[in-house]
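Following the numbering used here, the numbering of the sequence shown begins with 10 at its first residue and continues without gaps.
Where hints are given, some of them may not hold.
[What the hints assert, rightly or not] Ranges between beta-carbon positions, derived for each pair:
1) T207 / D20: 31 to 41 Å
2) P218 / R35: 18 to 28 Å
3) A70 / G49: 16 to 26 Å
4) G215 / D58: 24 to 34 Å
5) T95 / G136: 43 to 53 Å
6) T214 / E32: 49 to 59 Å
7) A60 / R146: 28 to 38 Å
8) E28 / G217: 40 to 50 Å
9) G205 / E118: 28 to 38 Å
Please keep in mind that the hints were generated in silico from the structure rather than gathered at the bench. Yeah, the Cβ is synthetic: ideal placement off N, Cα and C, and Gly gets one too.
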Amino acid sequence: MAPPSYDDTNDRQYRRRREQLVETLRSRGIYDERVLAAIGAVPRHAFVDPALRDRAYADEALPIGLNQTISQPFTVAYQTSLLEVTPNDRILEVGTGSGYQAAVLCELEARVFSIERHEDLLARTRGLLDDLGYDVRTRHGDGTKGWPSFAPYDGIVVTAAAPEAPDPLLRQLREPSELGDCSHGRLVIPIGGSGGQTMTRITRTGTGPHDYEREEFHSFRFVPLVSGDDDES
């Protein structure tokens, strides 16, 4: 569901820029129309520092304070496309950050759960998502452990790089349905070292410890996924 207007006057000013951003993403190879529509609906200017709002719809990452950034729109669109989200999917986001990715997932009508290890950042982002009307369940914690209380997940998206996919996240993917509906839990994560990573999708194909299918896509550069305190609730 779309949020209430963040600032109706400013939103009208930025609407054209969102449309231009969508066309930029399409020209770069994002063809999922539902994802493009979600990107076009989220007021990205609400998620950046007021001093940087003129750059809010440029296809670039921007600082949001606390040594963190809001991800480049292409990266958000790319990961979201690989998730193949359908309405009512249960999606876990590892790394809430600015909240922009979570908002895009909400526009796709997913049920969104998000973990952030920076407590101060999470408090700020939670308030913003609430103000915008996005229904995201969040907690402060160690994203490498996932969020077992609400597992299994139809999709998990990780917004930081890891040398390999954490086992707890793999175990929290939904197993294929016995009803044969072809639904499988999917993990989208950048895998690799500090020199660069490969965007990877891991799909759960069965109930066994090795029943996963791995696909590798384009190269990216992310900050490392870091473990930390965990406030499971």
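For each hint, the structure was consulted:
At roughly 37 Å, the beta-carbon separation of T207 and D20 lies within the given 31 to 41 Å, and the hint holds. At about 40 Å, the beta-carbon gap between P218 and R35 misses the expected band of 18 to 28 Å. The beta-carbon spacing between A70 and G49, approximately 19 Å, falls within the hinted interval of 16 to 26 Å. For G215 and D58, the hinted distance range of 24 to 34 Å is not satisfied, since their beta carbons lie about 46 Å from each other.
Between T95 and G136 the C-beta distance comes to about 29 Å, which lies outside the given range of 43 to 53 Å. Range check, T214 to E32: about 36 Å between beta-carbon atoms, so the 49 to 59 Å window is missed. In this structure, A60 and R146 meet the distance hint of 28 to 38 Å, their C-beta atoms being roughly 31 Å apart. Judged by the Cβ atoms, the range 40 to 50 Å given for E28 and G217 holds: they are separated by roughly 47 Å.
A beta carbon spacing of about 33 Å between G205 and E118 agrees with the range 28 to 38 Å that was offered as a hint.
The structure shown violates the earlier hints numbered 2, 4, 5, 6.
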